[in-house]
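Chains A and B are the protein sequences, given in the same order. Heads up: the first sequence begins at 0 in numbering that gives the first Met the number 0, then just goes up one per residue. Heads up: the second sequence begins at 0 in numbering that gives the first Met the number 0, then just goes up one per residue.
It is possible that part of the hints are untrue.
As the list claims (entries may be wrong) - Some chain A residues judged to face chain B by a derived CB distance under 8 Å, without partners named:
| # | residue |
| --- | --- |
| 1 | I14 |
| 2 | E18 |
| 3 | Y19 |
| 4 | G23 |
| 5 | F41 |
| 6 | I71 |
| 7 | V72 |
| 8 | A73 |
| 9 | F74 |
| 10 | V79 |
| 11 | P80 |
| 12 | A106 |
| 13 | L122 |
| 14 | T129 |
| 15 | A131 |
Stated by the list, open to error - Pairwise CB distance ranges, derived in the manner of DEER restraints:
| # | chain 1 | residue 1 | chain 2 | residue 2 | range |
| --- | --- | --- | --- | --- | --- |
| 16 | B | V206 | A | E24 | 43 to 53 Å |
| 17 | A | L139 | B | D20 | 49 to 59 Å |
| 18 | B | T129 | A | E63 | 31 to 41 Å |
| 19 | A | N45 | B | A399 | 47 to 57 Å |
| 20 | A | E63 | B | A1 | 56 to 66 Å |
| 21 | A | L139 | B | T129 | 33 to 43 Å |
Read the hints as simulated data drawn from the structure, not as lab findings. A virtual CB, placed ideally from N, CA and C, is assigned to each residue, including glycine.
Below are the chains, spelled out letter by letter.
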Amino acid sequence: MTRQTDEEKSAVVQIPIVEYLVLGEDPHLEVNECVACHARFFDRRNACASCEGVAFQRTRLQPEGEVRAFTIVAFAAPGVPVPFVAALIDCDGTSVRANLIDVTPDAEHVHLGMKVRFCTQSLGLDEGGTEAVGFGFKPLA
Amino acid sequence: MATDDIYILGIDMTKFGKHPDLDLVDLASAATMGALADGGVTMRDIGVLAAGSLLNANAGIGQQLQKQIGQTGIPVYNVANACATGATALRVAYMAVKSGECDMGLAVGVEKLSGAGLLSGGSRPSDDGTWTPKGRYGAVAPIDGRIGTETMPGVFAQIGMEYGHRYGGTSFELFARISEKNHSHSTLNPKAAYQKRFTLDEIMHDVMIAYPNTRPMCSANCDGAAAAVVVGGAKLKTLSMQQRSRAVKISASVLTSDPWEEGCQVLPNVNTLTRNAAQQAYEQAGVDPQDLDLVELHDCFATAELVHYDNLGLCSEGGAVDFFESGATWRDGATPVNVSGGLESKGHPIAATGIANIWEVATHLRGEAGNRQIEGARLGLAHVIGLGSACGVHILERIAA
Ligand SMILES: [Zn+2]
Numbered sequence: 000m001t002r003q004t005d006e007e008k009s010a011v012v013q014i015p016i017v018e019y020l021v022l023g024e025d026p027h028l029e030v031n032e033c034v035a036c037h038a039r040f041f042d043r044r045n046a047c048a049s050c051e052g053v054a055f056q057r058t059r060l061q062p063e064g065e066v067r068a069f070t071i072v073a074f075a076a077p078g079v080p081v082p083f084v085a086a087l088i089d090c091d092g093t094s095v096r097a098n099l100i101d102v103t104p105d106a107e108h109v110h111l112g113m114k115v116r117f118c119t120q121s122l123g124l125d126e127g128g129t130e131a132v133g134f135g136f137k138p139l140a
Numbered sequence: 000m001a002t003d004d005i006y007i008l009g010i011d012m013t014k015f016g017k018h019p020d021l022d023l024v025d026l027a028s029a030a031t032m033g034a035l036a037d038g039g040v041t042m043r044d045i046g047v048l049a050a051g052s053l054l055n056a057n058a059g060i061g062q063q064l065q066k067q068i069g070q071t072g073i074p075v076y077n078v079a080n081a082c083a084t085g086a087t088a089l090r091v092a093y094m095a096v097k098s099g100e101c102d103m104g105l106a107v108g109v110e111k112l113s114g115a116g117l118l119s120g121g122s123r124p125s126d127d128g129t130w131t132p133k134g135r136y137g138a139v140a141p142i143d144g145r146i147g148t149e150t151m152p153g154v155f156a157q158i159g160m161e162y163g164h165r166y167g168g169t170s171f172e173l174f175a176r177i178s179e180k181n182h183s184h185s186t187l188n189p190k191a192a193y194q195k196r197f198t199l200d201e202i203m204h205d206v207m208i209a210y211p212n213t214r215p216m217c218s219a220n221c222d223g224a225a226a227a228v229v230v231g232g233a234k235l236k237t238l239s240m241q242q243r244s245r246a247v248k249i250s251a252s253v254l255t256s257d258p259w260e261e262g263c264q265v266l267p268n269v270n271t272l273t274r275n276a277a278q279q280a281y282e283q284a285g286v287d288p289q290d291l292d293l294v295e296l297h298d299c300f301a302t303a304e305l306v307h308y309d310n311l312g313l314c315s316e317g318g319a320v321d322f323f324e325s326g327a328t329w330r331d332g333a334t335p336v337n338v339s340g341g342l343e344s345k346g347h348p349i350a351a352t353g354i355a356n357i358w359e360v361a362t363h364l365r366g367e368a369g370n371r372q373i374e375g376a377r378l379g380l381a382h383v384i385g386l387g388s389a390c391g392v393h394i395l396e397r398i399a400a
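Sequences and hints are given; from them, build the entire structure.
Listed below in C-alpha cells is the structure:
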C-alpha cells in the first residue's frame with residue numbers, strides 16, 4: 000500500500016469486499032429479505048429457503064448487535080493473519096458473521112453477550128488505485 | 000425376530016491410525032472381508048453395495064472394491080454426504096433391504112487422512128493484483144479470515160460457545176474435560192488411533208487451534224475403514240444359530256438435513272437436524288434416551304460433544320453442562336458416551352466414521368468389547384453429523400436369539 004495525499008485520497012475509488020456491504024456516506028450491510036416471511040439471505044435465492052416465496056427486497060441491517068458466539072482462531076489457512084476473533088453477531092434478530100476488530104484477541108477481552116457496533120476498515124489499494132473496504136464489529140465503549 | 004426388521008449380520012473396522020503402506024482399496028477390502036467373515040457370508044450373498052470415500056468421491060470406490068475382492072454385478076451406490084457419508088452408505092444398504100429389493104446389503108466407508116492437516120477453510124481465490132468481484136458474494140478478496148472463519152475447529156468452537164451463551168455454565172476448562180474423558184476412554188480401545196491418556200493440564204496447554212479448542216480437543220485425522228453387512232429378518236431366520244445369535248437389530252435408521260431457521264446459513268445449525276433425527280429414531284425404536292446403555296456421538300470437537308448431549312435428549316434442554324458434570328458420560332456413568340475414545344482420540348477417517356461408530360455399539364451389544372465392555376449393554380445409539388448438513392442416527396438393539 001502506498002502513502003497518499005488528501006487530494007489523492009478523495010479521488011480513490013472504493014469497492015466493498017462483498018456485495019452485501021454498501022459503502023458511501025453511511026456504510027452498512029444489506030440483505031435480501033423474503034417479502035413473504037422476512038427470512039434474510041446474504042446472497043441471492045431463486046426461492047426463499049424458508050417459505051419458497053420468490054419476491055425479495057433489499058433490507059438494511061442494524062449496525063449494533065450482541066456477540067452470540069465467538070472463537071479466537073490461532074491456526075488458519077496460509078495467508079490468513081492469526082490470531083483473530085471470528086464471531087456470530089445478533090443484529091436485532093439477524094445473525095451476521097464477521098471478525099471482531101479493535102479488540103485484543105484473547106479470552107480476557109472477548110466475551111459472550113458483548114455489545115458491538117458495525118464498522119468498516121480499508122483492505123488496501125490494488126494496482127489501479129482502487130481501495131477495497133472490509134467490515135467488522137468493534138466493542139461499544 | 001420380525002421378518003421385516005433389519006439386522007447387522009457382520010461388521011468390522013480396521014485399526015484407525017497411520018497406514019502408509021495401505022491404499023484406500025486395501026483398507027476398504029480389509030474392513031469388508033472382515034465384515035463378510037464376521038457375518039459368515041461372501042460377496043455372492045450380497046445384493047447391493049453402498050460405499051463412500053469423501054475426499055475421493057469421484058473415484059468409484061465401490062467398484063474399485065469389487066475389483067479387489069469380488070465382482071458379482073450387483074448395483075453399486077457411491078455416496079458422499081460430508082461426515083455423514085458412512086451412515087448414509089449404511090442407510091442406503093438398509094433401505095434396499097427394507098424395500099425388499101434384496102435380502103442382504105453391504106455398506107463400506109474408507110478414508111486416508113493421515114497428515115492431512117487442517118481441513119476446510121481457506122476458500123481463497125488468488126489475490127491477483129486487482130480487486131475483482133468474484134463468486135456468489137461478489138467478493139474481491141478471500142472471505143475466510145476476513146469475514147469470520149471457515150475452519151472446522153473455529154466453526155465448531157462457535158457452536159459450543161453459542162450453547163454457552165444460551166444456557167451458561169461453559170468454560171474452556173469444561174470443554175477440555177470432555178476431551179480428557181474421551182482420551183481416557185481410548186486407552187482401552189486397541190483400534191483407536193491414539194491410546195494416550197492426557198491430563199486436563201496437558202489438554203489446556205497444548206497448541207491452541209481455535210479457542211476454546213486446543214489440538215487434542217479436535218478430531219484426529221487418520222486412515223481407516225469400516226464395513227457392515229445388513230440382512231432382512233426373513234433371510235436371517237434361514238441362517239445358522241451362530242449367525243442369528245450375533246445379529247444386532249437396527250431398531251432405528253434415520254437421516255435428516257437441516258430445515259431453514261434464522262442464522263442457519265451464517266453459522267451451521269447442527270442442533271435442529273440432530274434433534275429431529277433423534278426424535279424420529281426414538282419413535283421408530285420405541286425407546287427413550289434414558290434406556291440407552293451407550294452412545295457414540297459425533298465429537299468432531301470437544302465443543303460439539305456438549306451440544307449433542309442436549310440434541311440427542313440425553314439430558315434435559317439446556318442441561319448439558321450439569322449432565323457432563325454429573326459424570327454421566329464417563330464409561331462408568333449412567334449414559335456412557337464415546338467409550339471408543341470418540342473422534343478426538345479413536346480418530347476420524349471421515350467416511351469410515353459413520354460405520355465405525357456402529358461397530359463400536361454392536362460390539363458392546365454382542366458382549367465382545369473385551370476390557371472396555373459396557374456390562375449388560377442391550378441398547379445403543381450412534382450419531383454422526385456432516386456440515387452442509389446431514390445427520391445420521393442409528394439405534395441398535397441386542398436381540399434374544
Ligand atoms: Zn420466505
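So, going through the hints one by one against the coordinates:
1. The interface hint given for I14 (chain A) holds, since its Cβ lies 5 Å from the closest Cβ of chain B, which is under the 8 Å cut-off.
2. Because the beta carbon of E18 (chain A) sits about 4 Å from the nearest beta carbon in chain B, less than 8 Å, this interface hint is met.
3. Among the interface hints, the one on Y19 (chain A) holds; its C-beta lies about 7 Å from the nearest C-beta in chain B, closer than the 8 Å criterion.
4. Interface hint status for G23 (chain A): violated, as the beta-carbon distance to the closest one in chain B is roughly 16 Å, over 8 Å.
5. Hint status for F41 (chain A) relative to chain B: holds, with the closest Cβ pair at about 7 Å, below 8 Å.
6. For I71 (chain A), the shortest C-beta to C-beta distance to chain B is roughly 4 Å, which falls under 8 Å, so the interface hint holds.
7. Because the beta carbon of V72 (chain A) sits about 5 Å from the nearest beta carbon in chain B, less than 8 Å, this interface hint is met.
8. Among the interface hints, the one on A73 (chain A) holds; its C-beta lies about 4 Å from the nearest C-beta in chain B, closer than the 8 Å criterion.
9. Look at F74 (chain A): its Cβ gets to within about 5 Å of chain B, closer than 8 Å, so that hint holds up.
10. Interface restraint check for V79 (chain A): the shortest CB-CB distance to chain B comes to about 3 Å, inside 8 Å, so the restraint holds.
11. Nearest Cβ of chain B to the Cβ of P80 (chain A): about 7 Å, under the 8 Å cut. The hint holds.
12. Interface restraint check: A106 (chain A) against chain B, minimum CB-CB distance 6 Å, threshold 8 Å, status holds.
13. Taken as an interface hint, L122 (chain A) checks out: its beta carbon lies about 6 Å from the nearest beta carbon of chain B, inside 8 Å.
14. Checking T129 (chain A) against chain B by beta carbon gives a least distance of about 5 Å; that is within 8 Å, so the hint holds.
15. At a threshold of 8 Å, the smallest CB-CB gap from A131 (chain A) to chain B is about 4 Å, leaving the interface hint in force.
16. Distance hint check: the CB atoms of V206 (chain B) and E24 (chain A) are about 45 Å apart, consistent with the given range 43 to 53 Å.
17. The hinted window of 49 to 59 Å between L139 (chain A) and D20 (chain B) holds, with their beta carbons roughly 58 Å apart.
18. Here the CB-CB span from T129 (chain B) to E63 (chain A) is close to 34 Å, well matched to the stated 31 to 41 Å.
19. Taking 47 to 57 Å as the suggested C-beta distance range, the pair N45 (chain A) and A399 (chain B) conforms, at roughly 53 Å.
20. In this structure the hint that E63 (chain A) and A1 (chain B) lie 56 to 66 Å apart at CB holds, the actual value being about 59 Å.
21. Evaluation of the 33 to 43 Å hint for L139 (chain A) and T129 (chain B) yields a pass: the beta carbon distance comes to about 36 Å.
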